[in-house]
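Use the sequences and the hints to build the structure in full.
Chains as they are written, first to last, in our numbering: chain R, 1 to 563; chain G, 1 to 325; chain V, 1 to 288.
These are computed hints drawn from the structure, not numbers from a lab. Mixed in with the good hints, there may be bad ones.
[As the list claims (entries may be wrong)] Quick list of simulated restraints, FRET-style, between CB atoms:
1) G:Ala16 <-> R:Asp354: 56 to 66 angstroms
2) G:Ala32 <-> R:Asp354: 57 to 67 angstroms
3) G:Phe79 <-> V:Ala25: 49 to 59 angstroms
4) V:Glu18 <-> G:Ile23: 20 to 30 angstroms
5) R:Gly327 <-> V:Glu18: 40 to 50 angstroms
6) V:Ser148 <-> G:Pro100: 28 to 38 angstroms
7) V:Glu18 <-> G:Arg127: 25 to 35 angstroms
8) G:Val3 <-> V:Pro233: 46 to 56 angstroms
9) R:Gln468 <-> V:Glu15: 25 to 35 angstroms
10) G:Pro164 <-> R:Gln122: 51 to 61 angstroms
11) V:Ala25 <-> R:Asp422: 34 to 44 angstroms
[Said to hold, decoys possible] In silico PhoX-like cross-links for lysine-lysine, where the CA-CA straight-line distance does not exceed 25 angstroms:
12) G:Lys243 <-> G:Lys162
13) R:Lys146 <-> G:Lys239
14) R:Lys253 <-> R:Lys233
15) R:Lys369 <-> R:Lys478
16) R:Lys109 <-> G:Lys243
17) G:Lys239 <-> R:Lys109
18) G:Lys126 <-> G:Lys243
19) R:Lys79 <-> G:Lys243
Each residue gets a CB set at the ideal place from its N, CA and C atoms; glycine is no exception.
For reference, the chains in residue letters:
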Amino acid sequence: MTAPLLSLENVRVELGALKGMLAVVDDLSFQLEAGETLSIVGESGSGKSMAALAIMGLLPTIGRIAQGSIRFAGRDLTKLDDAALRSIRGNQIGMIFQEPMTSLNPVYKVGEQIAEVLRHHQGLSHSDAWARAVELLDAVRIPDPKRRAGSYPHEMSGGQRQRVMIAVALACRPKILIADEPTTALDVTVQAEIFELMRELAREIGTATILITHDMGVVAEMADHVVVMFRGKKVEDGTVGDVIDRPSHPYTKSLIAAVPHLTTETATVSISPTKEETSTPILSVHDLRVEFNVKKRFGRREIFTAVNGISFDVERGKTLALVGESGSGKTTAALAVARLVTVQAGQVTLDGTDMLALHGEDLRRARAKVQVIFQDPYSSLNPRLRAGAIVREPLDGLGTLPEAERDDRVADLFEQVGLGKDQMRLFPHQFSGGQRQRISIARALATNPALIICDEAVSALDVIIQAQILDLLRDLQKSLGLTYLFISHDLGVVQQMCDKVAVMYMGNIVEYGDRYAVLSTPQMEYTRQLLAAVPSVDRARERGFHKKEQDDATGLGQLPVKT
Amino acid sequence: MAVVSMIAQRIGYAVALLIAVLILNFVMINLAPGDVVDTIAADSGGADAELMAEIRAEYGLDQPVIVQLGRYIAKVAQFDLGYSYFYNRPVVDLILERLPATLLLVFSAQFFALIVGVLLGVFAAKRPNGLVSHVVTLFALFGYAAPVFWTGILLLIAFSLKIPLFPVAGMRDVTVEGGFLPQALSVLHHLVLPMFTLGTIFIALYSRLCRASMLEVLGSDYVRTARAKGLSPREVTMKHALKNALPPVITLAGLQFSAVISGAVLVETVFSWPGLGQLALTSILARDAPTILGILFFSALVVIVGNLLTDLALRFIDPRVKAGG
Amino acid sequence: MSDQPITRARSPFSEAFEMFRRNHAAMAGLVVLVAIVATAILGPIIYPGDPFSMVWAPFTPPGQDGYLLGTDYLGRDLLSLLVHGAKVSLTVGLAAAFVTVTIGITVGALAGFYRGIVEEALMRLTEFFQVLPTLLFSMVIVALFGASLPMITFAIGVVSWPAVARITRAEFLRIRELEYVTAARAGGVRNVGLIFRVILPNALPPIVVQAALMVGSAILFEAGLSFLGLTDPNVASWGQIIGSNREYILDASYTVTVPGVAIFITVLAISLVGDGLNDALNPKLRQR
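This is the structure:
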């Protein structure tokens with residue numbers, strides 16, 4: 001057996017912190033064989049991205065490789081000077097990043113950003129490099145590549161930008177492609193397309209791939225070999241089949257548990273239809289329509305229909321999920337129910353109140369009936385208020401309780417969401433992301449609302465915390481009889497939380513029904529595409545996990561390419 | 001195409017702004033105690049009431065206010081800003097005579113400050129704890145805190161009186177003979193100190209912002225991409241970072257045009273630079289209202305033109321400006 | 001970011017104060033500033049007498065004949081002028097900054113919160129004021145309406161507010177989109193409450209910094225106007241000393257440089273404090 005293409009041995013990466021150096025990667029060793037796909041898995045802060053940057057020699061200025069070696073093509077990268085590293089970067093090792101929206105330079109044409117690499121490493125002339133850039137855009141399936149080479153990044157969608165990034169990374173046919181969460185910022189159907197493209201091109205060029213991700217479904221579908229990292233250390237290392245079927249570390253187990261099992265959902269797990277079905281819904285939405293004025297230059301106005309006449313019901317004590325990709329109108333629809341955006345037409349009846357008929361003070365008071373838990377645990381709490389005051393805000397604003405009882409109520413709420421009373425005096429920045437989301441939940445509960453809207457309430461959290469918050473939401477629902485309108489793009493979460501599902505696409509509900517019916521036997525083409533695009537451990541296991549020669553057998557290949 | 005319609009729109013907006021300046025001018029004259037005729041009367045050592053009424057009628061001052069405003073705007077549209085009783089000349093002539101000197105000072109100081117400021121900012125950002133970075137910080141503090149007329153006087157004492165490198169006053173040496181080139185050189189020689197004095201405030205401002213902007217851009221994802229491509233530090237900084245760091249600096253420079261003109265008034269006074277600032281000061285001390293308001297009008301015009309140039313520069317640098325607006 | 005409980009409640013304010021205290025330059029600026037303010041208040045008591053009275057031979061150089069800073073072209077004691085001028089310069093600076101910030105916050109907050117036609121109108125007004133060269137405009141106001149100190153203060157304030165308005169509006173536009181504002185709205189907080197209790201406190205840091213710098217700018221502004229002779233000739237201020245001695249820089253440069261140094265040090269101290277505030281209040285440096 002020949003030497004591996006890349007091998008890390010006992011690598012320790014340190015970042016300068018206030019108190020000395022902090023090890024963000026500790027004693028990391030792994031090997032990458034030519035042509036294989038290695039996945040590094042871990043939550044944010046596990047050191048997986050730092051490991052990748054260390055290989056590239058791109059650690060931030062406060063960081064350094066304290067010990068260990070990184071051997072690539074017979075050389076130790078940690079010993080090379082910057083000029084030698086530069087001749088490897090972008091040439092023999094290419095990298096793509098998480099944020100396609102910000103990873104391309106906004107002031108240069110995408111063709112130039114590809115051509116530049118070719119000129120630099122291969123010494124091509126301007127015109128040759130440009131011609132090659134157009135070919136590369138074609139290879140990453142950008143339609144009309146000749147014209148699009150002259151586009152600027154802001155004229156492209158997120159998926160297209162990530163394709164351009166792939167073209168940049170693969171321009172010099174590198175031996176290794178490092179992809180750091182390349183699809184985390186993208187919709188799930190776009191993610192499937194990007195992965196398919198990466199797989200195809202890597203095979204064509206013979207590039208080995210290091211894929212960094214937090215999603216075990218992705219690992220199952222993409223990787224040959226897995227390294228699991230937890231708090232800077234490697235906790236698991238093996239073939240994808242071994243790691244997924246026989247995980248040894250509890251963290252690996254929780255990662256695997258977080259992946260949705262869409263194909264194995266059976267009627268027994270779903271709620272059985274009961275008499276409650278006939279009870280009158282607590283929220284009834286009919287023909288809801290929301291439009292935005294998109295202001296254009298020179299006074300021309302354009303109307304964008306965000307929600308195009310949708311109808312749905314939510315029963316008391318139940319959870320309805322609004323599912324869809326970014327721009328589908330799911331959040332707008334939910335905020336419209338709470339009258340937090342302007343509604344053009346329709347009917348919203350909440351707990352017997354016609355919400356759309358309310359104005360001024362009446363509307364303000366009616367807000368007690370519907371509260372929202374937001375996505376971002378950092379921007380959803382006012383940084384100037386103490387946690388107790390944040391939870392008290394709706395009580396003061398809506399006056400649902402006599403003044404004297406409010407403090408006690410806040411204390412009770414803190415207890416209910418699993419926070420200590422002594423934490424009421426703290427400020428938001430003193431809490432972790434999960435704790436902040438608990439404060440958000442307490443605030444939403446304060447007025448005993450008839451409906452709670454969870455707007456991607458767990459999307460920003462790592463899987464373990466995510467599971468804790470979902471547990472809390474379920475417990476509260478059971479003990480308090482809460483009704484949730486649950487907005488999510490994550491079908492795994494939806495599967496765990498919801499009784500009914502409404503799938504939204506471009507402002508319309510395209511499929512609506514019981515969870516079991518929608519997720520297991522979807523009737524509409526879009527729902528099927530959406531489900532097929534979700535990376536799945538089960539599907540991968542059925543195939544015997546990823547085998548290089550079996551690429552064409554995946555379900556992903558059948559997805560239509562969105563343009 | 002888009003640029004043409006953008007310019008057309010901007011010109012329309014500029015005209016609206018200028019009319020607003022005229023209305024403001026008019027309101028201020030009417031609110032101010034006494035009118036033009038009082039001033040004339042005072043200047044000529046008193047006049048009898050009959051004569052004053054005659055003059056008032058002649059200038060339409062007995063008409064309703066709104067008619068007067070209409071007349072005033074109509075006159076300005078015909079490029080007539082009134083008559084200066086102090087200088088005994090039409091205001092437009094007075095201003096046009098001085099305008100080139102002020103424009104030279106204002107634009108040269110702006111360009112000088114922008115170029116030096118951006119260079120300092122870039123070098124400072126490359127080494128956030130290096131020598132240049134500290135120099136920029138110190139210079140920024142000095143530029144902000146030192147009154148510009150005081151800086152001018154210090155420079156004047158140092159480089160004209162103690163070490164006579166530069167002339168003390170004026171814009172050109174009347175003894176210089178010959179064609180365009182010697183004349184131009186003489187003007188440049190006179191320009192150095194005023195330009196530098198006026199520039200210091202803005203060098204401080206721009207270098208500081210450019211440093212901050214560069215630091216932010218250098219930490220951005222696309223700069224990391226550029227480094228991942230294996231480009232040299234020079235290419236990363238000058239090609240990928242600088243072009244993205246410039247727009248905020250240019251935007252700030254555009255907003256500073258009115259401050260540059262304000263500073264020019266002081267600098268012109270210190271160096272006896274024969275521009276609008278000097279004219280403004282003398283006419284204000286003489287309470288020559290038509291001239292003062294004419295200068296205010298023209299300086300607003302210069303600011304508007306400066307802003308338009310800024311917008312064009314931004315569109316040239318950042319392709320997103322065209323799309324977003 | 002660990003989950004271990006923190007029980008000490010540290011308000012953003014006390015954290016900012018900690019940051020500020022650790023900033024040596026800012027603390028030095030603050031000390032100097034306090035000294036200058038003390039001089040302005042106590043100076044006339046310690047150093048009584050009319051600063052305008054002729055006490056010695058004109059153009060006595062500093063240090064000679066018991067006059068620490070010398071005398072000016074009229075034989076007036078420069079030190080006395082400087083001490084008495086401090087009060088005027090500082091008062092005008094503070095008052096003008098107050099006018100500036102009041103107008104600026106009002107316009108910026110309304111424009112940033114209400115959007116639509118209110119924003120359009122207010123931003124046009126702001127742009128209009130930015131087109132007028134500040135110094136020229138205030139010269140015109142002072143020339144037409146008289147060079148009293150209140151009028152000078154008003155003139156400085158009325159031409160300087162657009163910068164504050166722009167910053168305030170930008171902050172409002174950013175913050176009003178944040179989820180905690182929507183949450184407050186969902187919690188039944190009224191518009192007035194949203195503006196003043198939810199958004200404004202969070203928008204304050206850059207405004208506070210700008211306000212501090214505005215005091216410095218206003219002092220410079222007053223000095224500029226005085227230098228040009230547009231001031232109350234019967235009241236000593238730093239700019240006025242420079243302005244009245246301007247003709248004599250060839251004979252006695254110290255009459256101009258010394259008050260200049262006073263202005264410079266004061267504004268420098270304010271600017272250091274402003275920078276310290278900026279660093280202390282900047283969430284980018286503090287968070288996470």
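| task | Mind checking the hinted window 25 to 35 angstroms against the Cβ distance between Glu18 of chain V and Arg127 of chain G? | result | 28 angstroms, holds
| query | Is it true that the C-beta distance of Ala25 of chain V to Asp422 of chain R lies inside 34 to 44 angstroms, as the hint says? | reply | 38 angstroms, holds
| request: Given the hint that Lys109 of chain R pairs with Lys243 of chain G, test it: the Cα-Cα distance must not exceed 25 angstroms. | output: 13 angstroms, holds
| Is the hinted range of 56 to 66 angstroms satisfied by the C-beta distance from Ala16 of chain G to Asp354 of chain R? | Given range 56 to 66 angstroms: violated, Cβ gap about 46 angstroms.
| query | Has the given pair, Lys369 of chain R with Lys478 of chain R, been kept, meaning a C-alpha gap of at most 25 angstroms? | reply | Holds. Lys369 of chain R to Lys478 of chain R sits at ~19 angstroms (cutoff 25 angstroms).
| field | Ala25 of chain V and Phe79 of chain G - C-beta distance against the hinted 49 to 59 angstroms | value | 53 angstroms, holds
| task | Return holds or violated for the Cβ distance of Gly327 of chain R and Glu18 of chain V against the range 40 to 50 angstroms. | result | 44 angstroms, holds
| Does 25 to 35 angstroms hold as the CB distance between Gln468 of chain R and Glu15 of chain V, or does it fail? | For Glu15 of chain V against Gln468 of chain R, whose Cβ atoms are near 28 angstroms apart, the range 25 to 35 angstroms holds.
| task | Indicate whether the distance between the beta carbons of Ser148 of chain V and Pro100 of chain G respects the range 28 to 38 angstroms. | result | Holds: the Cβ-Cβ distance is about 36 angstroms, inside 28 to 38 angstroms.
| field | 25 angstroms Cα cutoff - pair Lys126 of chain G, Lys243 of chain G | value | 15 angstroms, holds
| field | Distance restraint between Lys243 of chain G and Lys162 of chain G, which requires alpha-carbon spacing of 25 angstroms or less | value | This hinted pair is violated, its Cα atoms lying about 42 angstroms apart.
| request: Could you tell me whether the CB distance from Ala32 of chain G to Asp354 of chain R stays inside 57 to 67 angstroms? | output: Once the Cβ atoms are compared, 60 angstroms apart, the range 57 to 67 angstroms for Asp354 of chain R and Ala32 of chain G holds.
In summary, the numbered hints that this structure violates are 1, 4, 12, 19.
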